[in-house]
Amino acid sequence: MAGKEATVYIVDLGRSMAEKRHGRDQTDLDWALEYVWDKITNTVATGRKSALMSVIGCRTDETDLAGLIDVLEGYENLHVFSELKQYLLSDIRKLQEHLHPSKTNDGDLLSAVALAVQMIDRATAGKNGKPLKYDRKVIIVTDGRGEMDMGDLEEISAKIQHPDAPIEITLLGVDFDDLESGYKEEDKDAHKAENEHRLKVVVESCDGIVGTLAEAVDQLAIPRLKEVRPTPSFRGALTLGDPEIYDSTISIDVERYPCTMLAKPPTASSFAMRTDVGTAGPSAQPSNIIVGEDHPMSDLSAVRNQRVYQVDNLDEPGTKKNVEQDELEKGFEYGRTAVHISESDMNVVKLETQAFLSIIGFVKAEEFERYLPLSRSNFIVPQKANQPAQLGLSSFIHALYESECYAVARLVTKELKPPVIILLVPRIEVDAGWETLVDVELPFEEDMRRYKFPPLDRKLTVSGKVIHEHKDLPTQDLTNAMSAYVDAMDLSTFGRDDDGNPAEYAKPEDTYSPIVHRINHIIRWRATHPDPTLPIPDPPAILTQFAHPPPSRISSSSTHLDALKQASKVSKVPPKVKGRGKRNRAERDKPLSGLDIDALLGNPKKVDIDKANLIPSFKQALLASDDLDTIRAAASAMGSEIKALVKNSVGDSGYGRALEAMRVMREELVELEEPEEYNKFVRELKKELLAGQLGGNRREMWWKVRGSRYGLVDRKRSFVSDVSEEEAAEFYRS
1 MAGKEATVYI VDLGRSMAEK RHGRDQTDLD WALEYVWDKI TNTVATGRKS ALMSVIGCRT
61 DETDLAGLID VLEGYENLHV FSELKQYLLS DIRKLQEHLH PSKTNDGDLL SAVALAVQMI
121 DRATAGKNGK PLKYDRKVII VTDGRGEMDM GDLEEISAKI QHPDAPIEIT LLGVDFDDLE
181 SGYKEEDKDA HKAENEHRLK VVVESCDGIV GTLAEAVDQL AIPRLKEVRP TPSFRGALTL
241 GDPEIYDSTI SIDVERYPCT MLAKPPTASS FAMRTDVGTA GPSAQPSNII VGEDHPMSDL
301 SAVRNQRVYQ VDNLDEPGTK KNVEQDELEK GFEYGRTAVH ISESDMNVVK LETQAFLSII
361 GFVKAEEFER YLPLSRSNFI VPQKANQPAQ LGLSSFIHAL YESECYAVAR LVTKELKPPV
421 IILLVPRIEV DAGWETLVDV ELPFEEDMRR YKFPPLDRKL TVSGKVIHEH KDLPTQDLTN
481 AMSAYVDAMD LSTFGRDDDG NPAEYAKPED TYSPIVHRIN HIIRWRATHP DPTLPIPDPP
541 AILTQFAHPP PSRISSSSTH LDALKQASKV SKVPPKVKGR GKRNRAERDK PLSGLDIDAL
601 LGNPKKVDID KANLIPSFKQ ALLASDDLDT IRAAASAMGS EIKALVKNSV GDSGYGRALE
661 AMRVMREELV ELEEPEEYNK FVRELKKELL AGQLGGNRRE MWWKVRGSRY GLVDRKRSFV
721 SDVSEEEAAE FYRS
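Going left to right, the sequence shown walks through residues 1 to 734 as UniProt numbering numbers them.
No wet-lab data here; the hints were simulated from the structure. Be a bit skeptical, because a hint or two may be false.
Claimed, not checked - Restricting the straight-line Cα-Cα distance to at most 30 Å, the calculated cross-link-like pairs of lysine-lysine (BS3-like) are: (1) K647 <-> K704; (2) K264 <-> K507; (3) K188 <-> K226; (4) K264 <-> K417; (5) K643 <-> K572; (6) K643 <-> K611; (7) K569 <-> K452; (8) K226 <-> K452.
What the hints assert, rightly or not - Using C-beta positions, here's what the derived DEER-type ranges look like: (9) Q545 <-> H197: 37 to 43 Å; (10) H197 <-> T46: 48 to 54 Å; (11) G126 <-> E97: 30 to 36 Å; (12) H340 <-> P258: 35 to 41 Å.
Bear in mind that the values here come from a model prediction, so they are computed numbers and not experimental data. By construction, the Cβ of each residue, glycine as well, lies at the ideal position given by its N, Cα and C atoms.
Take these sequences, add in the hints, and give me the full structure.
Listed below in structure tokens is the structure:
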């Protein structure tokens, strides 16, 4: 967890900040606020109550010192928007209403610095008046066109550089000259040039940082890594041998800290408005909701679920009663069955362990398979301020390093925790001057899944014969073409260093997780742009710079790709056509050779429905032509044959064939996106069945149609249908 900090932002709101200069399409203040809002929202998103902030406006129309100073002389046109406190989303909303250019250029910037120093001293002082441990910062954003009183400079500088409570001061100037980047503003006003020099002298005399706003805004796109205070997951002895049995056991006091952590994007959470703030009495929230801590970027409160256990109430059948968790017996899921395990059985199978880290073996580094590690890595370092432990662990690390071995150890982080097997790898950083053991978790035998796959360069027959030439095996030309293509796409030395020499491309330190930083970027942007109609900005280029292969590498490898296609005999597969496109037989059935198969085989352009071969002939009729009239004629003929099957049926002997024909007719017409043809048929069929026009009382056939759900085709089934779901359901009932 990061330490406490107190930051005051001094924002120049003078009239001159409303100008658009040097071809920019935004005012100097809007440009400056890009940096200010990014810093504030970043701090607010952490939700840290120990991160205090405040904003002071300089060269404002009104004067508001928030009661910090009784005498206003010398502090005119300064506005303290809030005391030093933890900012929430509501504070950002209020602050947005005030950060606008004023109508005056009056106001002393150094007086604002003195006010900020006084605010920090008050907020970070303990009960005894002594300064507490805080990171104190003052950040100034100005165009340097106001007035400055240098009279109290020495007193302010001494306060900033106080040895017990130093303050880090940062100056960001709008269009300030920067020798390092080579920027120099042309035709600069003499008054601004003098102010630039004065401000730089003031900040540098306080060992502060001087920079330009352009450089600061450019660096906003670079994701900032989250710094966390390392927390040990194990503190104990690293042993070689059993100390309870042998006296010659090696024991080294060590601590285990995380080496790498998986960064995850912010998750969506449930929150509720706090309606009980400032009121007394029982809460209006349901009993299964508990209000948690405030959301870090708003005045919302977290919603948590409360678990309630209920069993059947034997005294009042049909009801349930609440019971405590301690009164319930434990069970485990086995499929859909709850298997009960008594407390006595749990004590038998439960492994009683003590916190322990013991070496159980060694393995050669060259024999270790890199796919085996299961977890993130951790550092094992000697106990702090323990010189024997430091010497002992250093000797053990160097012994492993020189013998090119890794150690295998059994680790129990806490009492009664299940043991894990870890691998200890020595790591020595000579330049940095430190050494450690890096551990990763290893799988148990039950965790291993061993699969066997056939070889890629040969085939084995049932009789045991080895075949090296087969249609499924790569040829030598294909192997060579693939090898050349892989070499052409090599990115290991595609990058360039500062001197222009080949270097690694996409270094880990230059790549960032797009999903993590993009979501954080949008959250911060939305905090200051609440209007939902505003389009979301594009992601920063630094997040997408490695999202696609370099264009130059793709173009240079195109010849190798063509050779690979030719060697592998790649051909284009016609796309699968759905819906109305199925009618386009010229595109669907056109062979790769380009020959007209129908003409060669003498297939007719029109197929009559054959009652002796009803379903196949219907499908052939639909495939014979793309003409809509032909499809309607086939559907009409199919409908007539289905009615004939029902009409000529002796009892229900023909109902099965009729239902199967209806199913095929329904599916084919839906696929052709002509459901209206089927709906027309099924409406007529229902009318004739219920009216007894198909050979007498055929209501049983209608019940079978209803049971098979072969009624109207609605929009859910086919988006081109004019029948709603309610109308289709009503069709079965009426």
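Now the hints, each set against the structure:
| no. | hint | verdict |
| --- | --- | --- |
| 1 | K647 <-> K704 | 15 Å, holds |
| 2 | K264 <-> K507 | 21 Å, holds |
| 3 | K188 <-> K226 | 40 Å, violated |
| 4 | K264 <-> K417 | 26 Å, holds |
| 5 | K643 <-> K572 | 45 Å, violated |
| 6 | K643 <-> K611 | 11 Å, holds |
| 7 | K569 <-> K452 | 29 Å, holds |
| 8 | K226 <-> K452 | 43 Å, violated |
| 9 | Q545 <-> H197: 37 to 43 Å | 38 Å, holds |
| 10 | H197 <-> T46: 48 to 54 Å | 37 Å, violated |
| 11 | G126 <-> E97: 30 to 36 Å | 35 Å, holds |
| 12 | H340 <-> P258: 35 to 41 Å | 39 Å, holds |
Of the numbered hints stated above, those contradicted by the structure are hints 3, 5, 8, 10, listed in ascending order.
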